[in-house]
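**Student:** Read top to bottom, the protein sequences are chains A and B. Residues 1 to 290, numbered by our numbering, are exactly what the first sequence covers, in order. Residues 1 to 303, numbered by our numbering, are exactly what the second sequence covers, in order.
Among the hints, a few may not be true.
Unchecked claim - With a straight-line cut-off of 27 angstroms between C-alpha atoms, the simulated DSSO-like cross-links for lysine-lysine are: (1) A:K7 <-> B:K127; (2) B:K127 <-> B:K78; (3) B:K290 <-> A:K95; (4) B:K196 <-> A:K7.
As the list claims (entries may be wrong) - Here are the simulated distance ranges between beta carbons: (5) B:G77 <-> A:L18: 32 to 40 angstroms; (6) A:S202 <-> B:V286: 34 to 42 angstroms; (7) A:L18 <-> B:L33: 23 to 31 angstroms; (8) A:G27 <-> B:V49: 55 to 63 angstroms; (9) A:G139 <-> B:G77: 34 to 42 angstroms; (10) B:L65 <-> A:I96: 25 to 33 angstroms.
Unchecked claim - Just some of the chain A residues that point at chain B, by a computed CB distance under 10 angstroms: (11) V35; (12) L48; (13) L92; (14) F114; (15) N126; (16) D137; (17) Y156; (18) V159; (19) A161; (20) I185; (21) I186; (22) I199; (23) S202; (24) K225; (25) I231.
Please keep in mind that the hints were generated in silico from the structure rather than gathered at the bench. We put the beta carbon where it would ideally sit given N, CA and C, even for glycine.
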Amino acid sequence: MTDWLEKHVPKLVLAPSLIAIFVFVYGFIGWTAYVSFTKSRLLPKYDLVGPIQYEKLAASPRWEVALTNLAIFGILFILFATVIGLILAIMLDQKIRTEGPLRTIYLYPMALSFIVTGTAWKWILNPGLGIESVFRDMGFENFTFDWLVNPDLAIYTVVIAGVWQSSGFVMALFLAGLRSVDGEIIRAAMVDGISTPRIYMSIIIPSMAPIFLSSFIVLSHLAIKSFDLVIALTGGGPGYATDLPATYMYAMAFSRGDIGQAASSATVMMMIVTAIIVPYLYSELRPRHD
Amino acid sequence: MTDHSMNDHQLDERANRNRLMKRIALRLGLYTLLILFALYYLMPLFVMVVTSLKSLDEIRTGSLLSLPREIDFSSWGKAWSGACTGIQCNGLQPYFWNSVLLSIPAVAISTLLGAINGYVLAQWRFKGSNILFALMLFGCFIPFQVVLLPMAITLGALKIAGTIPGLMLVHIVYGIGFTTLFFRNFYVTIPQELVKAAKVDGAGFFRIFFSIFLPVSPPIIVVTVIWQFTQIWNDFLFGVSFSQAGTQPITVALNNIVNATTGVKEYNVDMAAAIIAALPTLLVYVVAGKYFIRGLTAGSVKG
Numbered sequence: 001m002t003d004w005l006e007k008h009v010p011k012l013v014l015a016p017s018l019i020a021i022f023v024f025v026y027g028f029i030g031w032t033a034y035v036s037f038t039k040s041r042l043l044p045k046y047d048l049v050g051p052i053q054y055e056k057l058a059a060s061p062r063w064e065v066a067l068t069n070l071a072i073f074g075i076l077f078i079l080f081a082t083v084i085g086l087i088l089a090i091m092l093d094q095k096i097r098t099e100g101p102l103r104t105i106y107l108y109p110m111a112l113s114f115i116v117t118g119t120a121w122k123w124i125l126n127p128g129l130g131i132e133s134v135f136r137d138m139g140f141e142n143f144t145f146d147w148l149v150n151p152d153l154a155i156y157t158v159v160i161a162g163v164w165q166s167s168g169f170v171m172a173l174f175l176a177g178l179r180s181v182d183g184e185i186i187r188a189a190m191v192d193g194i195s196t197p198r199i200y201m202s203i204i205i206p207s208m209a210p211i212f213l214s215s216f217i218v219l220s221h222l223a224i225k226s227f228d229l230v231i232a233l234t235g236g237g238p239g240y241a242t243d244l245p246a247t248y249m250y251a252m253a254f255s256r257g258d259i260g261q262a263a264s265s266a267t268v269m270m271m272i273v274t275a276i277i278v279p280y281l282y283s284e285l286r287p288r289h290d
Numbered sequence: 001m002t003d004h005s006m007n008d009h010q011l012d013e014r015a016n017r018n019r020l021m022k023r024i025a026l027r028l029g030l031y032t033l034l035i036l037f038a039l040y041y042l043m044p045l046f047v048m049v050v051t052s053l054k055s056l057d058e059i060r061t062g063s064l065l066s067l068p069r070e071i072d073f074s075s076w077g078k079a080w081s082g083a084c085t086g087i088q089c090n091g092l093q094p095y096f097w098n099s100v101l102l103s104i105p106a107v108a109i110s111t112l113l114g115a116i117n118g119y120v121l122a123q124w125r126f127k128g129s130n131i132l133f134a135l136m137l138f139g140c141f142i143p144f145q146v147v148l149l150p151m152a153i154t155l156g157a158l159k160i161a162g163t164i165p166g167l168m169l170v171h172i173v174y175g176i177g178f179t180t181l182f183f184r185n186f187y188v189t190i191p192q193e194l195v196k197a198a199k200v201d202g203a204g205f206f207r208i209f210f211s212i213f214l215p216v217s218p219p220i221i222v223v224t225v226i227w228q229f230t231q232i233w234n235d236f237l238f239g240v241s242f243s244q245a246g247t248q249p250i251t252v253a254l255n256n257i258v259n260a261t262t263g264v265k266e267y268n269v270d271m272a273a274a275i276i277a278a279l280p281t282l283l284v285y286v287v288a289g290k291y292f293i294r295g296l297t298a299g300s301v302k303g
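Chain B on its own, in the form it takes in the complex (with noise of 0.2 angstroms):
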């Protein structure tokens, strides 16, 4: 009978040192896949930094994914301020402050313009907004090839083309869009009946704006001018097609740096550049993930 019983206890655990052992199998593997994956989107990172790291003699002899053997900082200088983008040799430099200049004023503006537009659609609706919201949206989505040649045109009779107003002009009025619909899902989340209340006392349009809805605002404001900072320093079709020698942002000098035809391909300079064209949008993340994906879940998931 005891005997029996011994048995038993003896198979129970067996049965379940098995499951354990099953178990942690799982998570191993698990785990192995899960920083195989994360070696994967790292690795385009990490052959960047290592190949503006190394001089051109280590790049032809050495392999794509070895450490450099000494570290050599001098690819980052002429990336920066001596590479050439076509005839000039100025380097990322100045097409760096293009795009300082043209996304601080067109992030702000952008922002405000869909703050109080989407007060107005969540909070003062009339006859037809939702249509209105319905028709901005849609402009969010259009591919805009198909609005490049009449811009172009647009920007000429304006006497525009080819400057760094102009090119914001075009990141405003295509955010609009996205910045409106940010607010406006927000701002919904707020009860009506506080807008009556404020109203009863007196409050205006303005004045309820600026002492309710704004000071609950940082958050969304925060999701929505990551989202187009993020935009308009990564933008290459409106930069490629609306600016001139001078005027280009850093995404378009990026490209033209790479793909100049003349002299030797410098890949470690071509890799430094590709960097400094990305850090800014990078800090951003790193700093503020948290609202960098609010703001990239924000426009395909109903909130």
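Next up, chain A with everything else stripped away, as it sits in the complex (with noise of 0.2 angstroms):
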């Protein structure tokens, strides 16, 4: 007995996890794709009639605006965040004598969470009080900057918020990239008298190839879970504007009572995640042999 104890101690001792695991991320991403195929509305209803919820979400004009506003924030959030972390991360690579308070100063909105942001900006960007102001102070008396309340552009606006909480930490992760380059290959070029501009742009960039992936799955995966930051800074307005998936599926489940359509758009938003995420997943934990 206690030898057999003694053996499976590990497993053992793992097993509460696992089981947790199991039951509340995989049971419960199968219960919400089971209940997607059917008609349940304020309660969850078990017979199985297809996909009618699915039809539903394509016909609905407001899952359409959630599915754009998500394609223009992932792309503009993921494209602003990775220039300016690899701009930021390139200037502090250059023996800059104030490099850590600086890279804390860069760093900081980490620290935040989506909800003191958007609060944040939401202020800034007050048409009438915000930014706006400022500018017609100093002597622009036409300025307007109303983005936040112009139902066309307010989803730019969660944009520029996630931007700013977010590009610090791309500079982090390409700083970290760019110091684990290899110091003689650019002596070489150096001494080969290639400009330093040529030395990054032909070897140290193409060398950062797999912190761009990284940093590519980290962002995109912040996009499609963007919820807090939209509802703090716009509330999913003006109407439903600036909607992403994220914000759609909650308002389903909590304030419309529409189950069925709350799982179906949140498998949609699985399986957006898993096909980014499972091949990065796939080649991180795959054995290497160098």
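Make one complex out of these two single chains by using the hints.
**Tutor:** Take a look at the structure:
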């Protein structure tokens, strides 16, 4: 008995967490996927009826807005956060004397809740009292900056706040990458008289492909899950102009009482994330022989 | 002959001086850009602080970026103990303590589980353990919307819906993946010969953990605790989905204060409330930034 126990102790120790993960992650995903094929409204129903919830999603103008916004927000957020992060990292890598304090400043937004970030930017972008008034006071009397309340432009305010919060993090990733580039190659290139910009463009940046991938994964994952930022900044409005799949799902689940729509939209989100994460995890966890 | 070499020398010097000037100009441009970026990142924090110290009158008439004419701390007091989150007007205070009460046990339990799981997955591998690790890791990345509905039903069935222990359970379950990842990647760097030798000496699973692994773990414990604390303190989705009036965490209360529709819009109180909600995690970042960054990058770069 003690022998058996001794042999299986590692598995027994792991078991509670594994059971929890299997029930609360995989079991729950299964439940949501199943319910997305039922007619559930206020209460869950368990008779399968086919993909009617997905047909309803496809026909919903609000869902279309949510998907379009995800595309706009996702692309711009990833693009700007990556470019700014990379530029900051390269500039900080030039033997800057005040690197420590600067890095601390660039990265502190990552310590904040998206609700705090949203609250701050909602105030800064306030039409009337915010940035707009700063420019009007400077003499640009017709300057208007009302993106926050403009249905066509409000989604871009989410990009502004999101990039502000996350670009420092991308900088940290790239800076770590720059520090691990082989110094010998760079010194050799410099001896050959190749200019610094050329060295960056043709040697250093291409060698950081894995970091581009990592930051793409992290940022796209953040974009798909974005919920708090939208709620705090625009509340999904004006109307539902800044809805994202995450806020659509929440609205269906907790204010509209439409479990079927909530489950099907959550399942679509799950599929998007899976399409991005699974190949990444596979390549990261695959045993390497180098 | 001498004249000629003099000229050469002068030319050299001029070229050198030009190169030096160019270098200085470049450095100057670089520092200017870096400082401009720093101002951009600091601007929202600056605006929050100065707005929280102004009176409403000054906010309406003054400029967003100007310093307060006279410093007025009253909005901080109101944010802490008088602002309305709907019908209740007790400020952030009760919700601040809710978040404290929620995060301390949740951080402790998920860190402990992560340590022991990571120890098994790094040093006591068995057939299939790598696949189990991958399955746990995948749990970190799911969009949590996909578990909200069944979780709400489960919490109701367990009779802990809308309670702090219920929310704690949610944070522990979905935190295990990351805490396990941190400890597993840390323990994997410890040579397996050490465990083998200890086994020969008759030490068992727990003895080896407590006498060899735990004593070297403080750095990764700090990283994990900071990560979990930041995640749980800053969480909004679980908080807003699984709490009710009275048990809400601070992020939900902050959002309710800012979006309260009754009465005059008090921007100074909103900003003071936002700073109060941000202070604990900011403090952790300032005190232990190195560990904070290590946690951030550990999840995305293979260590």
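**Student:** Next step is simple, just say for each hint if it's right about the structure.
**Tutor:** Tested hints:
1. A:K7 <-> B:K127: 13 angstroms, holds
2. B:K127 <-> B:K78: 59 angstroms, violated
3. B:K290 <-> A:K95: 19 angstroms, holds
4. B:K196 <-> A:K7: Holds, at roughly 14 angstroms.
5. B:G77 <-> A:L18: 32 to 40 angstroms: Taking Cβ atoms as reference, G77 of chain B and L18 of chain A lie about 49 angstroms apart, which means the hint is violated.
6. A:S202 <-> B:V286: 34 to 42 angstroms: With Cβ atoms ~39 angstroms apart, the hint holds.
7. A:L18 <-> B:L33: 23 to 31 angstroms: 50 angstroms, violated
8. A:G27 <-> B:V49: 55 to 63 angstroms: 46 angstroms, violated
9. A:G139 <-> B:G77: 34 to 42 angstroms: Cβ of G139 of chain A to Cβ of G77 of chain B: about 38 angstroms, so the range 34 to 42 angstroms holds.
10. B:L65 <-> A:I96: 25 to 33 angstroms: Holds, at about 27 angstroms.
11. V35: Cβ of V35 of chain A sits 7 angstroms from chain B, so the hint holds.
12. L48: 17 angstroms, violated
13. L92: Status holds, d = 7 angstroms.
14. F114: The hint holds - F114 of chain A has a Cβ within 10 angstroms of chain B, the shortest such distance being about 7 angstroms.
15. N126: Hint holds; N126 of chain A Cβ to chain B Cβ min 8 angstroms, cut 10 angstroms.
16. D137: 5 angstroms, holds
17. Y156: It is violated, given that the least Cβ distance between Y156 of chain A and chain B is near 17 angstroms, above 10 angstroms.
18. V159: For V159 of chain A, the interface hint is violated, since the closest Cβ of chain B sits about 15 angstroms away, which is over 10 angstroms.
19. A161: 9 angstroms, holds
20. I185: 21 angstroms, violated
21. I186: 18 angstroms, violated
22. I199: Nearest chain B Cβ about 15 angstroms off; hint violated.
23. S202: 20 angstroms, violated
24. K225: Holds, about 5 angstroms.
25. I231: 7 angstroms, holds
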